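Engineer: Quick mapping for you: the protein sequence lines, in order, are chains A and B. Counting from 1, one number per residue, gives the positions in the first sequence under our numbering. Counting from 1, one number per residue, gives the positions in the second sequence under our numbering.
Keep in mind that the hints were calculated from the coordinates and are not lab data. Predicted model only: the values in this text are computed from it and were never measured. You can take every hint at face value.
A partial selection of chain A residues facing chain B, derived with a Cβ cut-off under 7 Å: (1) Ile107; (2) Met115; (3) Phe123; (4) Gly134; (5) Val190.
Idealized CB from N, CA, C, for every residue including glycine.
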Amino acid sequence: MPETAAPSSAPRLVAVAPTAPTNPAARAVIEIDDVDFNYGASRALHDITLNIQERQVTAFIGPSGCGKSTLLRCLNRMNDLIDGAHVSAGEIRIDGVNINDPRVDVIELRKRVGMVFQKSNPFPKSIYENITYGLRIQGQRNKAKLDEVVERSLRGAALWDEIKDRLHESALGMSGGQQQRLCIARAIAVEPEIILMDEPCSALDPIATAKVEELIHQLKKQFTIVIVTHNMQQAARCSDRTAFFYLGKLIEYADTRTIFMNPANPQTEAYVSGRFG
Amino acid sequence: MKPASTSAAIFGRSTPAKRTERAVFWLLRLATYFVLFCAAFIFWDIGTKGGAVIFKPTAPFINLPFLTEAPETLNVFTFRGENMTLGDRKFRAFKEAHAAELKTARIETYVYSAGGIFPNIAGTVLLVLGSIIIALVLGVLSAIYLSEYATDGPFVRFLRLSIVNLAGVPSIVYGLFGFGMFVIAFDFGVSLLAGWLTLAFMVLPIIITASEESLKAVPRGYREGSLALGATKLQSIMTNVLPYALPGILTSSVLSIARVAGETAPIMFTAAFVVRDELPWQVREWTDFFFQGVMALPYHIYVVASKIPQNEYTRDVQYGTAFVFLFTVAAIAMTAVILRQRLRKKYKW
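This is chain B alone, in the form it adopts within the complex:
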């Protein structure tokens, strides 16, 4: 080593290690920025284009028909030299009044591009609520068994491994499983019940794993404290373990809500209808409620994005649905977050 270099060393000579360091640092930084950029672009695109459908510059500022009506076919035609667009119901009345003039007119139709998406919103909310309730009940019970009762052994290890593996199964496989199991074998038909069970099975691994972790995070002192006062194990779990684990369990369910609401594959064979005239609560017997198919937002997005042409007439329903979908998921997730905060405040430890 030359003596001159030793005194210069303190000023930070560039060495290969340092250059690599800087390059990797920039790579990491760019990767993060890229992800951020993509996410921002998606939200911006849907927010501006979809927001323009939902929010109006004039009172009542919100496009209420879009949120409260059922989807309709849009009819586009020229009438007395003027371009007209009418939803199916209005168009029929119009056609009767001007039958002669319309005979020669060229009418283009676009399905689902008029009216609103109310049945889809209702269907998605019902699917999410039902499947989350089923998944939470099954998941929390399994988690309690795994964390409080099961003694570690080959069988329990096998159980855990199965649960972890279940988390990696693609959603279309759940969809086909649900179709084979619930729709055909149990003869539920394409129904809410089949959809609930399929979606619940899909998120069970997340809920079981997270619930088990939050149960284990409850200090042992609470369990011992209540057992030492003469509580049974079950009493100790119900009064002094589970309540404190609930915030953590709800955190996992927030994640699950987003998945349940968003997945199209599991419901397209089990619960979703492309179009249905009755609303979910318009049933003859209350038992029919569980055995009816519903329209759902993610499936509707799939349909309007792939089955109808992309043009100025169909754009509104496409972006509008995506926007409402994002908003609905956020709203349901927010409810869980608020619930969690309130529980945290109640059981602070």
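Isolated chain A, as found in the complex:
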């Protein structure tokens, strides 16, 4: 996609933060190649092809039911939980490996591809137990190691200073925004390469949302992030690249700047300017 530096003269609904130009040499860590996806007989995704680059934030936008969450959940095979849901054509490769290959260990995959859900779901246990959950089920028992991971993850999720004194209290006593950041901390505690976020801020107030967005900005130095969002301002603010989906098809995928300022497709234009969706 060509870079368009000059902003369009028409007033825009969305303010676009200046983002660094996409490095064309960045490695594509996730390659989605001609993917069809079915829920039983009904097809939810058609011919999706897109590459997601390392240490960037990629946003999936589109109206409800467009398949963006489905695609996200394909990336760590969360759709395996749904009876009859399957990738019916094409390949999804992460670091060059087809993740739907029967030889792929889905447990290992999910350790490498973390996920944060729309509804924050801290377990009804202490904050400490929440963060260490991923490591403990891997058999990590070393207290010093666990303590270190808790501090590192909470600092990574910008939560440490707020809750360091109540690590052993129930996670459900935290505010909604803190709970969601705890879920992010819990995901980064297992040191994934990729973090999937499924509308992470849809239940949060603007201040909590701002904190999570700031966090996303920090995290992309270390992780590849894919975020599904309904909120176009959010996509514009915190993503490097944006994919617009409509009715199970990928309509346009480009630099966030291009998508919001100078989309090639009239449907994208209509959606990002708020005319439908």
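Let chain A serve as the given structure and place chain B on it in line with the hints.
Structural biologist: Chain B only, in chain A's frame:
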């Protein structure tokens, strides 16, 4: 319609629909009161008459022999113009001392009407604990399979239907099944083990159904959350689903405890003895423990209510046993309730 009636309508004319409404309302109310009255009468009757056996106005205020001794035969006779009642053991000593005088006396005997009911309490507690443990283990495992692993299909639907049907089988049928299966075919004899298994099978449908419901009530987010962190399905169930379902599972077991403790039919062919001299833990080998019959409260009530005459001498043991029985069931059920409360506090969601 007459114009006069329209203005009066607001004052609530009696119409057939309204009269029916009121009649039905009263019928519902009376039905409820009637049930309440019956329950209250049962508790009052057993509470006052049985309570009088257990609680004494003088120290130590509780009729300890009744709770700690084994049942004995009661001997009633006239001695030197005085009416005397003595339990078997005391009577034998008495008889030796006054053999001559008693030769001509008319002695009435009532079985099980003296002494206490300790072996029965012990037997019932053992039966309840064992069968509930077996039923919970089997029931929770089946419920986990049904709710977490099984994919819906004709076979699973058939399984569920069978479980529901099992709940409707009368307890005497379980008793006969247990007798044929465990006592005879497996050659366990009339034993604790046969009783445990029979009772466990009887309450399995309740426990499976309730456990499945409580497993399904655990939000999907907890399952997905742990799977997304790289947990296996089993790890996710054991650490993040089952613990939160436990309070609900225990609720169903409270109901089951009452049934297990109360049913007479399933144990009368499989585990219960009318009378047995040894206590359950007086066994030679530890393995004998599982293959011994026990005395049990509900069966004892059946025996003392139907096999011995009803009179002033036998009344105490009848009401006393019923009272202790109610109390024992309540105590075991309370333990489960307290356990549930503590779990709820631990895993609040």
